[in-house]
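A.B. asks: Take my numbering: the final residue in the first sequence is number 981, and no numbers are missing along the way.
Hints are computed from structural coordinates only; laboratory data are not their basis.
One thing to keep in mind: the hints can contain errors.
Stated by the list, open to error - With a straight-line cut-off of 25 Å between C-alpha atoms, the simulated DSS-like cross-links for lysine-lysine are: (1) K760 - K103; (2) K886 - K974; (3) K873 - K919; (4) K832 - K862; (5) K757 - K919; (6) K934 - K862; (7) K955 - K974; (8) K934 - K752; (9) K934 - K951; (10) K265 - K473.
Stated by the list, open to error - Computed beta-carbon distance windows for the label pairs: (11) I586 - R209: 25 to 31 Å; (12) D248 - P945: 56 to 62 Å; (13) S807 - G621: 50 to 56 Å; (14) R209 - D526: 20 to 26 Å; (15) K293 - R209: 29 to 35 Å.
All C-beta atoms, glycine included, are put in the ideal place defined by N, C-alpha and C.
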Amino acid sequence: MTPVKLAPVYDPKAVEDKCYRFWLDGNYFRAARDPEKETFTIVIPPPNVTGSLHMGHALDNTIQDILIRWKRMAGYDTLWLPGTDHAGIATQIRVEEHLAQEGLSRHDLGREAFLEKVWEWKEEYHGRIVNQLRKLGVSCDWSRERFTMDEGCSKAVREVFVSLYRKGLICRGDYMINWCPRCNTALSDIEVEHKESPGKLVYIRYPMVERDDYIVVATTRPETMLGDTAVAVHPEDDRYRDYIGEKVILPLMEREIPIIADEYVDPTFGTGAVKITPAHDPNDFAIGQRHNLPAPKVIGDDALMTAEAGRYAGMDRDACRKQVVEELRERGLIDKEEEYSHAVGHCQRCNTVIEPFVSRQWFVKMKPLAEPAIKVVKEGRTRFVPERFTRIYLNWLENVRDWCISRQIWWGHRIPAWYCECGEMIVDYEAPQSCPKCGGGELRQDPDVLDTWFSSALWPFSTLGWPEETPDLKHFFPTDVLVTGYDIIYFWVARMIFMSLEFMGEVPFHDVYIHGLVRDHLGRKMSKSLGNGVDPLEIIDQYGADTLRFTLITGQAPGNDQRFRQENVEASRNFANKIWNASRFVFMNLDNYEYQGLLPEKLSRADRWILHRLNETVAEVGRQLDKYELGEAARCIYDFFWSDYCDWYLEWSKLPLTKGEKAEADRVRSVLLYVLEGTLKLLHPFMPFITEEIWQNLPHTSGALVIASWPEPTEQFQYPEAAAEMELLMGIIKFLRNLRSEVNLPPGQKAKVILNPASEKSCKILNEEIEQLQKMTFAEPLLIEKQKPQKALSALVRDVEAYLPLEGLVDLEAEIKRLEKELTELTKDLERTEGKLANEKFIRKAPADVVEKEKRKQKEFTAHQQKLVSRIQELKKLLTAAN
RNA sequence: GCGCGGUUAGCUUAGUGGAAGAGCGCUACCUUGACACGGUAGAGGUCACAGGUUCGAGCCCUGUAUCGCGCACCA
99 MTPVKLAPVY DPKAVEDKCY RFWLDGNYFR AARDPEKETF TIVIPPPNVT GSLHMGHALD
159 NTIQDILIRW KRMAGYDTLW LPGTDHAGIA TQIRVEEHLA QEGLSRHDLG REAFLEKVWE
219 WKEEYHGRIV NQLRKLGVSC DWSRERFTMD EGCSKAVREV FVSLYRKGLI CRGDYMINWC
279 PRCNTALSDI EVEHKESPGK LVYIRYPMVE RDDYIVVATT RPETMLGDTA VAVHPEDDRY
339 RDYIGEKVIL PLMEREIPII ADEYVDPTFG TGAVKITPAH DPNDFAIGQR HNLPAPKVIG
399 DDALMTAEAG RYAGMDRDAC RKQVVEELRE RGLIDKEEEY SHAVGHCQRC NTVIEPFVSR
459 QWFVKMKPLA EPAIKVVKEG RTRFVPERFT RIYLNWLENV RDWCISRQIW WGHRIPAWYC
519 ECGEMIVDYE APQSCPKCGG GELRQDPDVL DTWFSSALWP FSTLGWPEET PDLKHFFPTD
579 VLVTGYDIIY FWVARMIFMS LEFMGEVPFH DVYIHGLVRD HLGRKMSKSL GNGVDPLEII
639 DQYGADTLRF TLITGQAPGN DQRFRQENVE ASRNFANKIW NASRFVFMNL DNYEYQGLLP
699 EKLSRADRWI LHRLNETVAE VGRQLDKYEL GEAARCIYDF FWSDYCDWYL EWSKLPLTKG
759 EKAEADRVRS VLLYVLEGTL KLLHPFMPFI TEEIWQNLPH TSGALVIASW PEPTEQFQYP
819 EAAAEMELLM GIIKFLRNLR SEVNLPPGQK AKVILNPASE KSCKILNEEI EQLQKMTFAE
879 PLLIEKQKPQ KALSALVRDV EAYLPLEGLV DLEAEIKRLE KELTELTKDL ERTEGKLANE
939 KFIRKAPADV VEKEKRKQKE FTAHQQKLVS RIQELKKLLT AAN
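Using the sequences plus the hints, can you model the full thing?
C.D. replies: Here you go:
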């Protein structure tokens, strides 16, 4: 056969795009929907169409691709469904920023024209994202790609909204929400990030109406006092008990407000008296409802003071704060001010300080939805990996509050509610023709859109066709695993679970694999503002996608953050090159070879050993993948390939390959190929491009690696005896090399070696492998005989003594010192083992195999020790004789 | 305040009960017919600290310190 020539250095650029096209052309990613096969389904966490992918996406998608490629090879009917998310606020902000460069606002364009612009933006960035994903090598079924605002997903959204509304689980009302004055919209609780910031705790005197006294209240937000409608104290608080029911004058507004009693007040904090602003604080809102207090809104949607703020109307909220404090001080109503650190809510998207206030919005009632979602996780029907994230999930759901789902933006799913002039509200799947109450035709649709996460929550089933009962939905739902970062457990994972339970009656996925964040090399979060982000495409361009994937996967332990470091990228690149060159070596040695498969009856000791090791590796990789230990699996393949296959087997093969005996060479070729093939399979999910490229060049394979069969461990290749024998040989070689380097013998220089085996068996093995031993240790001559040369360096491996007799080179004193050091260490080991064996509790309680192992160790150490001692004595005698 | 995670070789880290692993860096040697993105050999670790459980602890339990994260916040 004609051997393939590979370039001496692997060039990903020459391979990757071509290879991806090969997969697409072959339709290998297309889910077959084969009723005979077991399914394995993943839906992609849809990236936002706001911009480009970052390292976190690269990691997330690499993990999914590994799982999907593994299961595909293992014979499952796999579906990895790709798609993107419209990302309401985030995308709208980006487009608005873009317009602002031309001096335009969305209002200049109007709703329709603006939305056209956003669709254009979406098209562009969607294309960019898909391209990036392909560069990474993901094996998604592109024929099933979805978008959260495509027709089907939009239909699912309306279906869910109407259904929940009719069940009374969605309602419209005036409640406390978080308002972002910059984005001009309401937000849900989890879209608010609380940041510790320094502030002032201002103590204000509220004069009493009926007596010449005042009550002092403390606040971090003095400007909200303009909207106070009560002062609350604890009912049991002796200091204020008599005041309850009396009134104070609200300074500046000069309004009388009552002193009320409420359990909520903590008498130990501040002065024990709290100003109550029902329209601007969630706790005050609750108190206001309990006590039927009015709730004047003094800060408006634009973060300016409203008419309710009297003469402060129109002022900016920050300016108003200064003004209020100033005026209070002038009137002597400031008791004191303290430095105070507290958590202030900021908009997750734009970092503006959030204004909590009462507003008419749409809400999802969470309690009835949360309960089943808690139950399924407690019952293990959906399982978090690693397990510790279960608690984060449960914690949130157990304390969840109603979900504000309406957003005052334009980009998103419009709320399917219409209002008639007569005051009637209609919620329906499609726009009603006329008002069912008054028959009027002038219906106005609610201008608001839904929270982006509302549609994302439906993703696992809306993308499979729901609400239609499509074949895909029947076949592939529920999905198997969701792969995502811990930062969106509440936002997304929890919501998918309760929506799926509500509408599908099933969990959306069985496992949730949570990974950590990719940080910069100093451990900081990658961010735009710090400018420390590393662009995955740049790494792919420089090193190749396989390298990036391998770096991310080996740097990763489940649930833990990782640092992205250039050195690790290089290490992975080196590994890719190693694979390439090992394959290159194999291909170079295939002249005049016709592949005939393995011939098990003819295998040599080394052949059996490497097959044994491959078999062990196959088993171990399978075990690790089953546990989602992808990093461990990758490291395991790395070690096997580099240390066992390249460092030992490949070197070992050079002798039979060059000796000129064709039968022997062919046997080695068959093993080289077999093991390479097996490793390529194991490695393919991790490094798909390079493995496919090499696979395509293998002499005897047809078809694509992407759909080759996943290796399973087999009893046929269990050769523990050959493995033990090889370990003896490798041990001897290592020790001899070590001895040579002790005396600085350069590798090329031949030296006499004597091997003195204590057993017949070892003697036989050594004689059989004498040529390899000679070659590997540059021994000439190599003698296997019962001999103990005096002036020599020595080593002991199992029952074989190895000598390097070097008349002129041996420094007796140094050699004695070296051996004595070895003896000290050995003695320590021996003592530990003997200590264990002397402990009768150990003998009684430890498992038999462990005791057995200790006994073996004891025997080995003792023998070794005896030999070392006598060797040292001999050398000492020699030394005295010489002096 | 509550919860979670980290603390292992100079650096980055893997390792959930039976002799401390890897990558990078470092030292010495090597243009050995796949690879210098390489090879060979080596130095380097009381596994944060203190107790406890166990025949046996880096690993399990209880504290402490320290760093990070999340949640909740009492104005």
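A.B. asks: Each of the hints needs a verdict: does it hold here or not?
C.D. replies: Evaluated hints:
At most 25 Å may separate the alpha-carbon atoms for a hinted pair to count; K760 and K103 meet this at roughly 21 Å. At roughly 15 Å between alpha-carbon atoms, K886 and K974 fall within 25 Å of each other, so this suggested pair holds. Between the alpha carbons of K873 and K919 the distance comes to roughly 30 Å, so the proposed pair goes past 25 Å and is violated. Between K832 and K862 the alpha-carbon distance is near 20 Å, which keeps this suggested pair within the 25 Å criterion.
Of the supplied pair hints, the one linking K757 and K919 is violated, its CA atoms being roughly 41 Å apart against a limit of 25 Å. Restraint check for K934 and K862: the C-alpha separation of about 35 Å exceeds 25 Å, so the hint is violated. Under the criterion of a C-alpha separation no larger than 25 Å, the hint pairing K955 with K974 is inconsistent with the structure, at around 28 Å. Between K934 and K752 the alpha-carbon distance is near 45 Å, which puts this suggested pair outside the 25 Å criterion.
For the hint pairing K934 with K951, the CA-to-CA distance comes to about 11 Å; that is within 25 Å, so the pair holds. Restraint check for K265 and K473: the C-alpha separation of about 21 Å stays at or below 25 Å, so the hint holds. One distance hint, 25 to 31 Å for the beta-carbon pair I586 and R209, holds here, with the actual separation near 29 Å. In this structure, D248 and P945 meet the distance hint of 56 to 62 Å, their C-beta atoms being roughly 59 Å apart.
In this structure the supplied range 50 to 56 Å is violated for S807 paired with G621, their Cβ-Cβ distance being about 41 Å. Between R209 and D526, the C-beta spacing of about 21 Å keeps the proposed range 20 to 26 Å intact. Distance hint check: the CB atoms of K293 and R209 are about 33 Å apart, consistent with the given range 29 to 35 Å.
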